[in-house]
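Single-letter residue listing:
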Amino acid sequence: MVLVYVNSANGLSKAAFETVTYGKKLGDQVVVITNGSASSDLLSTLGEYGASKVIVDRSVDGEDAQQLTRLVASVAQGNGASTIVFSHDLIGKAVAPRLSVRLNAGLVSGAVALPEGDGSIKVNVFSGKAMGLVKVNSSTKIISLLPNSIQPEKSGSACAIEETSGNAGSAAIKVISTKKPEGEIPLPEAELVVSAGRGLKGPENWGMIEDLAKSLGAATACSRPVADIGWRPHHEHVGQTGVAIRPNLYIAVGISGAIQHLAGVNGSKVIVVVNTDAEAPFFKAADYGIIGDAFEVVPKLTAAINKFKASQN
Amino acid sequence: MKILVCISKSPDTTSKIAFTDGNTKFDENGVQYIVNPYDEWYALVRALEIKEAGGGQVTIITVGNAADEAVIRKALAIGADEAVRIDADPKDAHYTAMQIANYAKSNGFDLVLTGKETINYNGSQVGGMIAEAMDLPFVSLATKLDVNGSTLTLEREIVGGVQVVEVSTPAVVSCAKGMAEQRIPNMRGIMAARTKPLQVVAPVAVEELTSFVSYAMPNAKSAVKMISPDNMDELVTLLHNEAKVI
Ligand SMILES: Cc1cc2nc3c(=O)[nH]c(=O)nc-3n(C[C@H](O)[C@H](O)[C@H](O)COP(=O)(O)OP(=O)(O)OC[C@H]3O[C@@H](n4cnc5c(N)ncnc54)[C@H](O)[C@@H]3O)c2cc1C
Numbered sequence: 001m002v003l004v005y006v007n008s009a010n011g012l013s014k015a016a017f018e019t020v021t022y023g024k025k026l027g028d029q030v031v032v033i034t035n036g037s038a039s040s041d042l043l044s045t046l047g048e049y050g051a052s053k054v055i056v057d058r059s060v061d062g063e064d065a066q067q068l069t070r071l072v073a074s075v076a077q078g079n080g081a082s083t084i085v086f087s088h089d090l091i092g093k094a095v096a097p098r099l100s101v102r103l104n105a106g107l108v109s110g111a112v113a114l115p116e117g118d119g120s121i122k123v124n125v126f127s128g129k130a131m132g133l134v135k136v137n138s139s140t141k142i143i144s145l146l147p148n149s150i151q152p153e154k155s156g157s158a159c160a161i162e163e164t165s166g167n168a169g170s171a172a173i174k175v176i177s178t179k180k181p182e183g184e185i186p187l188p189e190a191e192l193v194v195s196a197g198r199g200l201k202g203p204e205n206w207g208m209i210e211d212l213a214k215s216l217g218a219a220t221a222c223s224r225p226v227a228d229i230g231w232r233p234h235h236e237h238v239g240q241t242g243v244a245i246r247p248n249l250y251i252a253v254g255i256s257g258a259i260q261h262l263a264g265v266n267g268s269k270v271i272v273v274v275n276t277d278a279e280a281p282f283f284k285a286a287d288y289g290i291i292g293d294a295f296e297v298v299p300k301l302t303a304a305i306n307k308f309k310a311s312q313n
Numbered sequence: 314m315k316i317l318v319c320i321s322k323s324p325d326t327t328s329k330i331a332f333t334d335g336n337t338k339f340d341e342n343g344v345q346y347i348v349n350p351y352d353e354w355y356a357l358v359r360a361l362e363i364k365e366a367g368g369g370q371v372t373i374i375t376v377g378n379a380a381d382e383a384v385i386r387k388a389l390a391i392g393a394d395e396a397v398r399i400d401a402d403p404k405d406a407h408y409t410a411m412q413i414a415n416y417a418k419s420n421g422f423d424l425v426l427t428g429k430e431t432i433n434y435n436g437s438q439v440g441g442m443i444a445e446a447m448d449l450p451f452v453s454l455a456t457k458l459d460v461n462g463s464t465l466t467l468e469r470e471i472v473g474g475v476q477v478v479e480v481s482t483p484a485v486v487s488c489a490k491g492m493a494e495q496r497i498p499n500m501r502g503i504m505a506a507r508t509k510p511l512q513v514v515a516p517v518a519v520e521e522l523t524s525f526v527s528y529a530m531p532n533a534k535s536a537v538k539m540i541s542p543d544n545m546d547e548l549v550t551l552l553h554n555e556a557k558v559i
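Chains as they are written, first to last, in my numbering: chain A, 1 to 313; chain B, 314 to 559.
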């Protein structure tokens, strides 16, 4: 069977539906393991995406990867899991590698597709500048799936919930405080992203970028120098040394398109570039290009989006 | 505090990426290697700052061939005290992590630091694997790290926010942006690096759990469609009808 770890601490995100759909498409029975206090009603909806059962440990808060690893390992071994699927998000990145050592199971990190005919799995390498096919040599396999790699699909109905506890040991990490800015869309999971660079001249000019993002329901991002000088927070920095993203739409405003920037965003399905310089390298990587001044183009684009949205209602 | 910093080489960020041997091997021709930026800018520099403030020792470790010693010397030039090279091809993340864990276990470190990920394979795997192999706590994607006796106070990225956590040493931490500022080695550092100890250690036998079968370049983009800055309605129509993303 396929065991899928789902992070339900903030409710169920699209990543949860993606990983369960992925597990289902591997062709075997899917069991979900999760932790924390999400309601059973909510968890049972994972059945719609193909889970046959959700196992939940209410005593584990999920803040300590070592504890989560023990939990997932005990459920995997207890149920004879042949494949364990994670989302390649912050929790997946912390738990999947530990589990690989604990179960002596090969890990495919950042999978972007279902296995090929020979069982090998596609991943991005060299920060998205190339792709590789990875084969797992061990009998148990672990796959962490890059967010936005497959579309969630409904295939069933609500499933049963089973409670478990006592296999995770205690947590070594003590949480002192947690800060979660309200209302922001987490960048790695965002389907639409509006990003801006040094071409914007100063942090006071980001209002129009936020307006555009708001009208689209998009997350905001930036180039590295912009985060380095402190115009924008570090977590918005995308690129080879920042966050790598693959949204459906990436709008880049006043960003030149340096190779290190492109490395983090060239997995985007559609790229729109706004730049005053017709020679900016970003146009070579773009689907739609606008040669123009951001200060004129962006407000016009926001107005056009608002008009379009109004016509849709 | 005894700190072990895991260092990986990675191709210079401007390197042209190509493959040979029927797309089964990375083409190293003309590729310049650098210290993986996360390892250098954040893990190594923070380790040096901790040592400067409270004393101790900073050891760097890499799994690699003799050719990788240039990268090791660069890390020594920035200020590490000594280096260890496990003499093996870093076959995959698990192989690499098991080599490092094996060395670390028998040499008593208070803190093992890695970068957030390498910029060539971007797996984010080695830190967690070392921690599990050593049965230690692992704080991933830390953006701040302070030491107070045997207590570490860290700030880390979590889904949709940041969190302050505490953990006791020994522990493994992966370091992300915010933890420290890049340091440029000076002439004295570069001279001193030539004579700092570099120990070469034979690898232990470890199973290869994963292997790369082949590589491919992404499909070439079709030509960009240019749109007049005065016609944003057209762009919105194209995004809706043609690209189907809004
Ligand atoms: C090891 C290494 C790692 C790196 N990692 C990253 C990374 O992860 N992410 C990253 O982004 N960078 C990274 N960089 C930096 C990268 O090389 C570039 O320097 C950076 O991406 C440039 O940022 P930018 O496009 O915002 O600024 P610039 O290169 O200064 O470009 C600004 C652009 O704005 C345009 N412009 C100016 N005015 C306007 C206007 N009014 N309207 C519209 N357009 C305008 C200009 O024509 C220009 O194209 C890295 C570099 C190194 C060496």
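You may find that some hints are simply not true.
[What the hints assert, rightly or not] Straight-line alpha carbon distances no greater than 25 Å define the calculated PhoX-like cross-link-like pairs of lysine-lysine that follow:
1) A:K300 x B:K557
2) B:K329 x A:K269
3) A:K14 x B:K557
4) A:K269 x A:K154
5) B:K557 x A:K284
6) B:K457 x A:K284
7) B:K457 x A:K122
8) B:K557 x A:K269
9) A:K122 x A:K300
10) B:K534 x A:K122
11) B:K538 x A:K179
12) B:K538 x A:K122
13) B:K338 x A:K180
Read the hints as simulated data drawn from the structure, not as lab findings.
task = Enumerate the violated hints, using their earlier numbering and listing them in ascending order.
result = 6, 7, 9, 11, 12, 13
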